[in-house]
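Using the hints, put the two standalone chains together into the complex.
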Amino acid sequence: NAGVTQTPKFQVLKTGQSMTLQCAQDMNHEYMSWYRQDPGMGLRLIHYSVGAGITDQGEVPNGYNVSRSTTEDFPLRLLSAAPSQTSVYFCASSYHKQQGRYGYTFGSGTRLTVV
Amino acid sequence: GQQVMQIPQYQHVQEGEDFTTYCNSSTTLSNIQWYKQRPGGHPVFLIQLVKSGEVKKQKRLTFQFGEAKKNSSLHITATQTTDVGTYFCAGPGRNAGGTSYGKLTFGQGTILTVHP
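Quick note, the sequences are listed as chains X and F, same order. In terms of my numbering, the first sequence has 95 at position 95, counting the first letter as 1, and numbering is strictly consecutive. In terms of my numbering, the second sequence has 1095 at position 95, counting the first letter as 1, and numbering is strictly consecutive.
The following block holds chain F by itself, in its conformation from the complex (with noise of 0.2 Å):
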């Protein structure tokens, strides 16, 4: 079945550092969407990727797509200690029917930890 993996599974950061999680699917992707739970809490939807090479921003945070739609990276400029907690990838799952867009998969998440 599909698999989306994510690398690395943790980051530790000094405040003020760049960081990068990564997420690789071994199918093709129709879209990609991000997630960031804080500890302790749910995972709340970021942004979805739908164009190949798409590239979308949110403040400090970049998104990407990449052209054969099957990877896509998160990347967040200067961190803050606001920024900590798990960041998943997420595409959506296929069944018998095809493309499922009820069946999202999740990738295993990177841990971010920002030291002031």
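Excised from the complex, chain X in its bound form (with noise of 0.2 Å):
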């Protein structure tokens, strides 16, 4: 198994450009979330989907949308970016339903720059 998937793992943008973080995992995990990560911030919840067609706000959701057309995958999107969206990002799947409620597994990030 791959796990939890993220793309790309660097990426610079200008102010106003649009683009798409890619989070896929292999594991058949209901729930997916987006996590945002600032020095001295923890992890901070964008997004976040309990299973296939569902999605729901996180601490943090402005500037970002998400869709969940399949278990699979959970692009998060940044519609319009901004210097404060500069951060690293990180995708993480958890709970499958014949193997219970357990923790978190993470993709290993993606570092944006908007400049």
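Rather than coming from a laboratory, the hints here were simulated on the basis of the structure. There may be inaccurate statements among the hints.
Per label pair, the in silico range of CB-to-CB distance [as the list claims (entries may be wrong)]: (1) Val-115(X) <-> Ser-1030(F): 38 to 44 Å; (2) Ser-1030(F) <-> Gly-16(X): 40 to 46 Å; (3) Gln-1014(F) <-> Thr-70(X): 26 to 32 Å.
We put the CB at the ideal spot given by N, CA and C, even for glycine.
Below you can see the structure in the form of structure tokens.
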């Protein structure tokens, strides 16, 4: 199993540009989430999903969109990039219906810089 | 909304000393999880505690869940340089329907430095 795969690993955007961060998992997990990590701020939840077709907002959703059309994929869209969105983004997944609720498996992250 | 607070924010220890980080929630938690993030890496799941007063051990790591299920601690005995990293606690958040297990809220983390 590959686990949680995030692409790209690094990205530089200009202010106002849009882009999509990709996230895919092959563990048949129901839950998927996007976090951003900034120095001294811990991990802040952007959006999360508890199953295909179901998404909800986290703590810091403004400026981001998500969709969950399949169990495997959970892309994060930046609509109009701003310098305040410079951060490290982590995708994570959890919960297999037959295996129960355990911890989240994280991807290796995307380091985004907005100039 | 629910808040998960962690202290201390930083801890510097000499190799061989013990280390403890504390996690407090503003609401009762159905479970609490602990993660470790090495410098430059991603968070890695360590353990989940579910029962009131639960204590679990992983080698030199001891995890406790408070009787009221609003606080937790991680204690490392005789730290080693391999213990360096940030330790996070996390609990399920809440939405309009109540506890949302898909909405995991993290504390700010404790950054552990171990001097050889």
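Checklist entry - Quick check: which numbered hints come out false for this structure? => result 3
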